[in-house]
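Novice: Just so you know, the sequences run in chain order A and C.
Under the UniProt record's numbering, the first residue of the first sequence carries the number 1, and numbering increases by one thereafter.
Under the UniProt record's numbering, the first residue of the second sequence carries the number 1, and numbering increases by one thereafter.
Keep in mind that the hints were calculated from the coordinates and are not lab data.
The beta carbon of each residue, even a glycine, is placed where N, CA and C say it ideally should be.
Incorrect hints may appear among the rest.
Said to hold, decoys possible - Listing some non-contacts, in silico: residues in chain C with all C-beta distances to chain A over 10 Å:
1. G7
2. R17
3. E21
4. A26
5. P30
6. G31
7. A33
8. T58
9. P65
10. R79
11. A93
12. V104
13. T107
14. A111
Said to hold, decoys possible - Under 10 Å between C-beta atoms, here's a sample of chain A residues computed to sit facing chain C:
15. T88
16. R90
17. P101
What the hints assert, rightly or not - The following label-pair restraints were derived from C-beta to C-beta distances:
18. L166(A) - R56(C): 45 to 53 Å
19. P100(C) - P48(A): 51 to 59 Å
20. D46(A) - A93(C): 49 to 57 Å
21. R56(C) - D64(A): 20 to 28 Å
22. A96(C) - D64(A): 48 to 56 Å
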Amino acid sequence: MAMNTGAELPGTGTGPGGTDGTADDERLACGRLLSKVWESRDDGSDDPHLRSCPHCAAAVRQLDLLGAAVREASRGEREPDRDAGALTARVMDVVRLELRPGRPLPLGEREEDLWVREAMAAKALRAAAETVPGVRTGSCRIRPGESGGVPTRGPVQVRLEVVVPLVPGLRELAEEIRRRVRGAADEALGLPVEYVDVHVTDVADTAGADETYPVEEAEAHETYALEEGEGRS
Amino acid sequence: MTAAATGRDPLAATVARVTAEVPGVAFLRPGLAELIRGSARTGAPATAGRTPAGVRVTRGSGAGPWEVDVQIVVHRDHRALTVARAVRDAVTAALAERAPGAQVTVTVTNAV
């Protein structure tokens with residue numbers, strides 16, 4: 001089954017502001033990976049290198065500050081991060097999105113100078129799609145609008161790959177996914193969207209998925225594309 | 001003090017302070033990328049007390065308007081556009097005297 005896992009960052013290496021999604025993005029000048037340095041610090045491991053290396057020491061300082069910031073930002077949520085592991089995961093999420101932010105996409109009106117990074121936007125749109133029971137997302141590419149082949153500050157184009165549960169009514173399911181993605185783009189981000197293409201890359205046989213979609217087609221393993229745009233190449 | 005004599009670092013510090021106070025802003029982009037990529041280039045880790053990573057203040061020429069680039073992480077329960085607009089307005093207002101006509105760009109890099 002060809003799909004991305006939820007752990008992968010979507011849309012890396014796709015734009016002028018993006019970089020390839022390699023682990024070297026996290027490698028400090030001393031050769032250590034940022035994530036490993038953070039883990040060692042959390043584990044309390046007694047690594048002589050960490051005590052003597054200025055690069056690792058600086059990284060730990062920065063991560064401590066970031067950890068404090070994330071902890072502070074999490075205050076007042078319904079489910080506070082009491083679990084240190086969950087906090088670490090969120091800190092590393094911030095780190096990864098900073099290292100591989102993707103291209104800037106326009107927020108708001110054309111004449112404004114406000115932007116959101118593609119990786120953050122994709123994360124929000126994928127999360128919205130996954131609020132549909134049984135749906136798992138793969139890659140989510142968000143392209144700037146174009147005018148005469150030149151990227152513009154217009155509405156963006158979204159291409160989302162999904163794995164859906166084995167339920168009747170694939171078209172209705174895809175429509176629901178699209179509706180939620182559009183809703184999140186507007187309500188959570190303020191990102192104008194030209195169209196959302198939903199590509200079903202696989203169907204997962206999930207017992208217990210809610211069968212809430214009307215009986216219709218049951219297309220399966222071939223990519224099933226429900227495209228919203230019209231008259232484009 | 002004239003606008004021309006206003007230093008880059010004090011302006012950046014003002015931008016950072018004003019931005020952090022805007023509702024919905026979790027924190028400025030933390031600058032870990034610079035920590036890694038910068039130290040890889042120079043061989044020296046980033047030093048403390050530098051200009052905040054999420055704020056960049058530049059000026060094309062001595063007399064031209066300042067260009068202010070702010071990169072923020074927002075709270076998950078806030079709309080990114082609303083927070084970005086509030087940051088732009090707050091920064092523009094804060095710089096109105098010292099850097100009139102400053103062009104303010106706001107980028108939301110993540111939500112926590």
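Novice: Determine for every hint whether it applies to the structure shown.
Specialist: To see whether the hints hold, each was checked on the structure:
1. Remark: the non-interface label on G7(C) is consistent with the geometry, its nearest Cβ contact in chain A lying 24 Å away (cut-off 10 Å).
2. Every beta carbon of chain A lies more than 10 Å from that of R17(C), the smallest distance being close to 15 Å; the non-interface claim holds.
3. Even its closest Cβ contact with chain A, about 14 Å, leaves E21(C) beyond 10 Å, as expected for a residue assigned away from the interface.
4. Chain A draws A26(C) into its interface by the beta-carbon criterion, the shortest separation being 4 Å against a cut-off of 10 Å.
5. At roughly 5 Å from the closest C-beta of chain A, the C-beta of P30(C) falls inside 10 Å, breaking its exclusion from the interface.
6. For G31(C), the non-interface assignment is contradicted: its Cβ lies about 7 Å from the closest Cβ of chain A, within the 10 Å cut-off.
7. A33(C), annotated as away from the interface, has a beta carbon of chain A within 10 Å; the closest lies near 5 Å.
8. Distance to chain A confirms T58(C) as a non-interface residue, since its nearest Cβ pair spans about 14 Å, more than 10 Å.
9. For P65(C), the condition that its CB be more than 10 Å from all CB atoms of chain A holds, with the nearest at approximately 13 Å.
10. Under the 10 Å C-beta cut-off, the non-interface status given to R79(C) relative to chain A is violated; the minimum distance is some 6 Å.
11. Non-interface status of A93(C) relative to chain A is upheld: no Cβ of that chain comes within 10 Å, the nearest being about 16 Å off.
12. Not every CB of chain A is more than 10 Å from the CB of V104(C) (nearest about 7 Å), against its label as outside the interface.
13. Separation of T107(C) from chain A is inadequate, the least Cβ-Cβ distance of about 4 Å not exceeding the 10 Å criterion.
14. Against the 10 Å criterion, A111(C) falls within the reach of chain A, whose nearest CB is about 6 Å from its own CB.
15. For T88(A), the interface hint is violated, the least distance from its beta-carbon to any beta-carbon of chain C being 13 Å, above 10 Å.
16. With a cut of 10 Å, the hint placing R90(A) at the interface with chain C holds, because the nearest CB-to-CB distance is about 6 Å.
17. Restraint check, P101(A) versus chain C: the minimum CB separation of about 6 Å is within 10 Å; hint holds.
18. Checked against the hint of 45 to 53 Å, the C-beta distance between L166(A) and R56(C) comes to roughly 50 Å, which is consistent with it.
19. The hinted window of 51 to 59 Å between P100(C) and P48(A) holds, with their beta carbons roughly 54 Å apart.
20. Taking 49 to 57 Å as the suggested C-beta distance range, the pair D46(A) and A93(C) conforms, at roughly 51 Å.
21. Hint check: R56(C) to D64(A), Cβ distance near 24 Å, so the stated range 20 to 28 Å holds.
22. Between A96(C) and D64(A) the beta carbons are some 36 Å apart, a value that contradicts the proposed interval 48 to 56 Å.
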